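Given next are the chains, with one letter for each unit.
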Amino acid sequence: MTDLHDHMALVKSTLGNLAGELLIENGAVLAYVEPASIRDALERLQEGSDTLMDVMSFMTAVDYQPREPRFEVVYELFSTATHQRVRVKCRLEDTGREDVLPEIDTVSDIFLTANWHERECFDLMGIHFRGHPDLRRILLPEQWDGHPLRKEYPYDGKRAWKPGTTVVTSARMEGDLGL
Amino acid sequence: MSKFTVEDQVVGKRMVLNMGPQHPSTHGVLRLVLELDGERVVKCVPHIGYLHTGIEKLSEEHNYTQNITHYPRMDYLSPMNNELAYCLAVEKLIGLEVPARASYIRVAMHEITRCMSHLFWIGSHAMDIGAATVFLYAVQEREMLLDLYEMVGGQRMMTNYIRIGGVREDVPEEFDEHARKWALGFPKLVDMIQGLLTKNPIWTNRTQGIGYIDRETCVSYGLMGPLLRAVGVSQDLRKDIPYCRYEEFDFEVPMREEGDIFARYEVRLIEMYEAAKLVLQALDRIKETAPGDTMWESDHFAPPKHSEVYADIERNIHHFKYWTEGFKSPRGEAYASVESSKGELGFYVVSDGGPKPLRVKIRGPSFVNLAALPAMIEGHLIADVAAAIGSIDIVLGEVDR
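Chains as they are written, first to last, in this note's numbering: chain W, 58 to 236; chain U, 30 to 430.
Derived from the structure by calculation, the hints contain no laboratory data. Note that this is a predicted model, so its numbers are computed, not measured. Be aware that a few hints might be false.
[Said to hold, decoys possible] Quick partial rundown of chain U residues pointing at chain W, CB under 10 Å, derived from the structure: (1) 81; (2) 123; (3) 124; (4) 165; (5) 184; (6) 188; (7) 207; (8) 210; (9) 211; (10) 249; (11) 266; (12) 388; (13) 392; (14) 396.
Where is the CB? At the ideal position from N, CA and C, for every residue including glycine.
Bound-form chain W, shown alone (with noise of 0.2 Å):
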């Protein structure tokens, strides 16, 4: 196995000028990227013949408000050949406004397990994958009012439905098959 510095510097290589700060921490290689270039980055680590990263173990984003940039999507590659991973992170601003989402740009035609992954964080964290070609709330019910993980969301939760909502309008607002 090789070195973790060694990984480090491969990933440099192969990311060339879409590298920002990398670093290791906790036995594992961050690479921070710019939001707007994820898909070139994770392209061509995909297709990087030093790194080979051919699977996405996971896809998610953490909120550290109060902290500006609010959000960082974190994606974990792994590589079956080389048995390394590499974490790519981006610092994801919000928008300010409570009714836009964030934006970034969908992966899921070059790994696709990032369709769920992203639907869910879409789900739970609120934001928002431009290009994604189903992208609806994937453990939520599809009526639910706001992003549970978000740090202003309430541990204890609040009223699942919005005010004034009824059995029977909530019943035929449940009408996405998916098909």
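Add chain U to chain W, keeping to what the hints say.
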């Protein structure tokens, strides 16, 4: 694939069938909306979230030791795997080193858990396809493993036994004898299950050639574990990125090329044989280590030995602070994953320096593997849906968290 229209339904070309959240073959509350052309599945859309309990949000409100209680409830058929993955992640975050005896106990429980999960898998998978006898034999064997759990952890399922820094307490003396007896008799049971299924023409007709996804698509879907090994990729986290001293153990990683349901069945059967061998090896190593050395010694990150708590005021204070507030972990983040019975089970823990984590992201293999279900069954008959779900081996607690 053309979008389903109302006209299709009216003319009678396509039918929408709801394999609803309550269904004996979906292995939990999974809803599949199937668009059918006669008996053939044209499109399948899984709807999940019926078992979502907000474990990730709950984890942000409890300290690191309290959080261990949440995770065995996720994949409830293999409880200690989840505890192990979380504890490995937090130990990476803090930088602890677990004593050797605790590592070997963890390996033994990890492999016992793998057998528990695979036994229930083969029982319910065979039952879905029609071979109901297998379920009874598998569950009967599983009772022996639940007895081992009770011996070690005090409970049959959610033992909360694997802790940060080691294990909660040492294994009792009778554990060695009973675990050895089970491990020596286990291969005969797997032989019996093989005898019932492997050459059975009904089984082979129902499982061979069905549910195949090619290698590149498998890798792109992030499938790890038995699903990837059945398609010809030699991947096993116990060998690739060893944890818990697995590099000291001797075992084989089964592989098949066909990638269909039958190949996955064969891979998991061989894993069961290997798991029994690993348990015997782990028991031998536990015997070689000094008894009682099962928790990392630390003034801050681990609880003090109970016998010392009332003898010394410093230990008393540490005991109080540890069990009320919890320890303050260093700032940072860590990801650790284990080769669970279903694939790569990982925990990504982010800390801001307090006693509670800032974020815990759970990489559940069932969530990732289920996303590949539509690719497996589109174009096949509706009867193959139940077989395919069984071959992925999902547990809805892990899918929804």
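*Which numbered hints are broken by the structure, listed smallest first?*
When the structure is compared with the hints, numbers 4, 5, 6, 7, 8, 9 turn out to be violated.
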